[in-house]
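The hints should help you fit chain B onto chain D, whose structure is shown.
Each protein sequence line maps, in turn, to chains D and B. Under the working numbering, the residue at position 62 of the first sequence is numbered 82, and the numbers go up by one with no gaps. Under the working numbering, the residue at position 131 of the second sequence is numbered 173, and the numbers go up by one with no gaps.
Since the hints were made in silico from the structure, they are not lab data. Being a predicted model, the structure only gives us computed values, none of them experimental. Hints may contain errors.
What the simulated footprint calls covered on chain B by chain D, stretch by stretch (three residues with Cβ under 8 Å from a Cβ of chain D suffice, anywhere in the stretch; the number is not a length) [stated by the list, open to error]:
| id | region |
| --- | --- |
| 1 | 48–59 |
| 2 | 89–103 |
| 3 | 117–130 |
| 4 | 134–144 |
| 5 | 149–163 |
No residue lacks a Cβ here, since even glycine has one placed at the ideal position from N, Cα and C.
So the chains spell out like this:
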Amino acid sequence: MGEVVNSRIGLLFSALLVLSLISTRFAPKAPLALSSTVTPLWTVFSAVSLNLRHFLEALILERDLRTENAALKNKVGELELRAYQLDLEVKKLEELVDIKRTQSPSVFKAAQVIAFNFDALNAELRINKGSADGVQLKMAVTTPQGLVGNVMQVDQHSAIVRTILDPEFRVGVKVAKFNNVAVARGVAGRVLRAENYKNPKAKNGDVVWSSNSAGGVFPSVRLGTIISVSQSRGDTLGQTLEINPFVDMTALEQVYLLRLP
Amino acid sequence: MIARRIIFILVILGLQGAMGILIPVFLSPPDLFLLVALFAAARVPLFLALCIGYSLGLLQDILGAGLIGFHAAGILAGVFTSGFVRRGLSAETSFNHATTAFVALIAKWLVFIALNYWTRQGILSFETLLYRFLPEIALTLLVGPIVFSFANWAFGRGNSNNDGLL
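This is chain B alone, in the form it adopts within the complex:
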C-alpha cells in the first residue's frame, strides 16, 4: 500500500507538470492538487483536510515559483466549501462528487479574485477568467473520476466522510 501511495504522489506531481505539454496552450490544465485535496476531505476530518489542502497549495506555489500562499488559499477555500456541500448531499455518487468539485473550483477562483485584488499584481484579468477558468472547471470535472479512482487504488476505499453523514 505504501508503494501505491508513493506511485500516486509521483504520478500526480508528474502529471500536473506534464499537463502543460499535453494540453493545448490556450487551455488551462485540470487542477489535480485540488482533486487530491477533495479526495482527502472525503476521507479525513475537515480540520485535517484543510491542513492537507493548504499544504498541497503551498507545494503548488513552491513548485510553480509563484506567490507563496496564492494556490494554498484557493485550495483551502475549495476544501472548506466542499465540507459544507458534502454535508448537504445524501450519497457518494458521481454526480455529488462532481457537484462538490464544481463548488470547490468556484470557491477557489473567488479566492483567487480576492487575492488578485489584495496583492494588486494584476495576475488575473477578464481574459484569464474566460480562457483559464472555464476550461479548468471542465477539464477538472472530466478527469475527476479518474483521479478519484486512482486515489482509491492508492489509499483504499473509504467508508464515509468525517461526520458520517454520507
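One chain only, chain D, in its complex shape:
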C-alpha cells in the first residue's frame, strides 16, 4: 500500500515538474491583470510597511542626529575657545600697537599677571616672564591705560613688578600742560603722591604723566588724574598732588614690558 502511495506521489511530482518545464519555456508570462486582483491588499500592507519603515528610519536618524549634535556641540565649544584665544591674541596685538604708538616704540614683550601681593607694605605683581625671556631689572611695565610700575626682581621664568602704588616706588611726574616736574611715590597702595610741585595752576582732573627729567627710566607714560591739590606744609614750597592711577592694579591680566633705554 505504501509503495502505491509513493509511486502516485512520484508520478504527481514528475507530472507537475514536467508541466512547469513546459510552462516556463513555452507559456507566456502571467498577465498583470491577474496580479492586480491582490493590488488593494498589497497597497494596504505596503502603506503599513512604509510607515513602519519610515518610523524605524526616523528612530535611527534621530539617534544619528543626537550623536551628530553632540559632536557639533563639542566642535562649537572648541571653536568658541579658539575664537576666544584669537580674540585675546588680537587684543594683545592691538594693545602692543597702541603702546608703541602712544607710549614708547621700545615695547618689548607681553606678560601675564600670575599673582598679586597687595598688603600693608607692598603693592606688587608677579608676571610670567623672567630672565630667560629677556626681562631685566628696572624695566618699565605698562598697559595701554597707563604705567603699572617697574621690574623689581627677576628669576628665570618670572619677575616681580613693583607697582606705582607701592610705597617704595618713585617716579618723576609732570602735569600734561605744564613743564614743572616733581617726584611721586605710592601711598598706602591707594594713590600716588607728588610733593613740592611748583605750579599753582594744577587742579583736580588734570592728567599726570611720568617724566624722566625728575629721575628714573620711565618714558613719558600716562599715570593718572589729580584728585587732590593742597599746599605743602612746613618749610617746603609748592603743592602736594594726589594722583589716582588710570590702571586698576587688582584687575590686571596682561602687562607689557618696555626695553631699558
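Relative to the frame of chain D, chain B by itself:
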C-alpha cells in the same frame, strides 16, 4: 475558525508583498509561500500537499507576473523533499522543522537552477545565488517559527503528518 483562516491567507499574501519594503533591497525576503506549503505538508497527505504547494507556487508566479510554473516547481520540489526528510525525523521539534525547511529551500533553489538552465533566460547568476539565496534561507528559517505558530492559530494544532511517523 473560517475567519482566522481568511485572516491568515490575507496576512501571508500581504506580508509577502510588503517584505520588499520592510527588508533592505540587497536582501531577499523570506519565502512565506514555501513555509505555508511546508505547514500544509505536515498536516495533510503528501499527495495533497504537493498539489497545495504547486498551487501556491503558481499563485506566486501569477502575483509576481513572472514565468508561469517557475516558483510552482520550486515549491513543489521543496514540499516533495520535505516529505522524505520528515519521514527520517523522529519528533516535531523546532530543530526538525528548521531542518525540513532548510532542505526544502535547498531543493527549491536546485530546481530554480535547473529551470534557469532549461529556460535559457539567464534569470539566475552567481550574484543572485550569493545575495538572494543565502539571505532567503536565513530569513525564512528566522520567520519560520512565527509563520508556523500563526498557521497553528489559524488552522488549529495537528497531531501528526500524513504517514503517522511523527
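Each hint tested on the structure:
1. Residues of the region 48–59 of chain B with a Cβ under 8 Å from some Cβ of chain D number 5, which satisfies the need for three, so the listed coverage holds.
2. Residues of the region 89–103 of chain B lying with their CB closer than 8 Å to a CB of chain D number 5, which satisfies the three-residue condition for coverage.
3. Only residues whose C-beta sits within less than 8 Å of a C-beta in chain D count toward coverage, and the region 117–130 of chain B has 4 of them, enough to reach three; the restraint holds.
4. With a cut-off of 8 Å between beta carbons, the region 134–144 of chain B has 0 residues touching chain D; three or more are needed, and the interface restraint is violated.
5. Residues of the region 149–163 of chain B lying with their CB closer than 8 Å to a CB of chain D number 4, which satisfies the three-residue condition for coverage.
In this structure, the one hint that does not hold is number 4.
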